[in-house]
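Visitor: These are the residues of each chain, in order.
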Amino acid sequence: QQPVQSPQAVILREGEDAVINCSSSKALYSVHWYRQKHGEAPVFLMILLKGGEQKGHDKISASFNEKKQQSSLYLTASQLSYSGTYFCGTEANTGNQFYFGTGTSLTVIP
Amino acid sequence: DGGITQSPKYLFRKEGQNVTLSCEQNLNHDAMYWYRQDPGQGLRLIYYSQIVNDFQKGDIAEGYSVSREKKESFPLTVTSAQKNPTAFYLCASSAGTGEYEQYFGPGTRLTVT
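In order, the protein sequence lines correspond to chains A and B. The first sequence maps to residues 1 to 110 in our numbering. The second sequence maps to residues 1 to 113 in our numbering.
Hints in this document: simulated from the structure, not taken from any laboratory. All of these numbers come straight from a predicted model, not from anything done at the bench. Any given hint might turn out to be false.
In the SDA-like style, the derived pairs of lysine to any residue whose C-alpha atoms are separated by at most 20 Å in a straight line are [to be verified]: (1) Lys57(B) / Gln1(A); (2) Lys57(B) / Thr94(A); (3) Lys37(A) / Thr107(A); (4) Lys37(A) / Asp38(B).
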């Protein structure tokens, strides 16, 4: 029931764009996105709810395709501070248990 | 200043000993969670609680126990039955389930030798 993320890892140069995908085998109620720096706790980025929506702040945005049971995180004009591991988290329509995805390591280089 | 605290930050134990990790929140959140993270891996749910005096097992509950006697506190005990206890343990809380963000504590790095 753990959502699958792709790619597993990506390296970008400053200013480049990236897309991280999160797919679930279950119909979803919500999708969360978090970023974790090495040795630190995950930090919340955004939540998308059932009904299909897009959200964004600054140069980071996300979409939620309910029919496809997947979400994508878009990072545009990447900055060095974007480096870290990105996790999606999902709650299915059928229950309250929350699952984090497999993670995507993103490295931004000068 | 609201938040979640976990203590200690680093913990060392000998094999065969039980150890309890502390998690306290002053955010007035109903839901609390314990996750385990191994190097280079994602977060796996150990236990979660949506209300005082109630908790549910996550995917990897074997060898762990919890209690939720107070809204603010959700301690995790790593028992000697846990085969590979060395890991980074993260506690989180949220105002509810799915539609509420989770706030994480700084984590406890447990090493068992």
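Visitor: Against each hint, give a clear statement of whether it holds in the structure.
Guide: Okay, the hints, checked on the actual structure:
1. Lys57(B) / Gln1(A): holds (15 Å)
2. Lys57(B) / Thr94(A): Holds, at roughly 17 Å.
3. Lys37(A) / Thr107(A): holds (11 Å)
4. Lys37(A) / Asp38(B): holds (14 Å)
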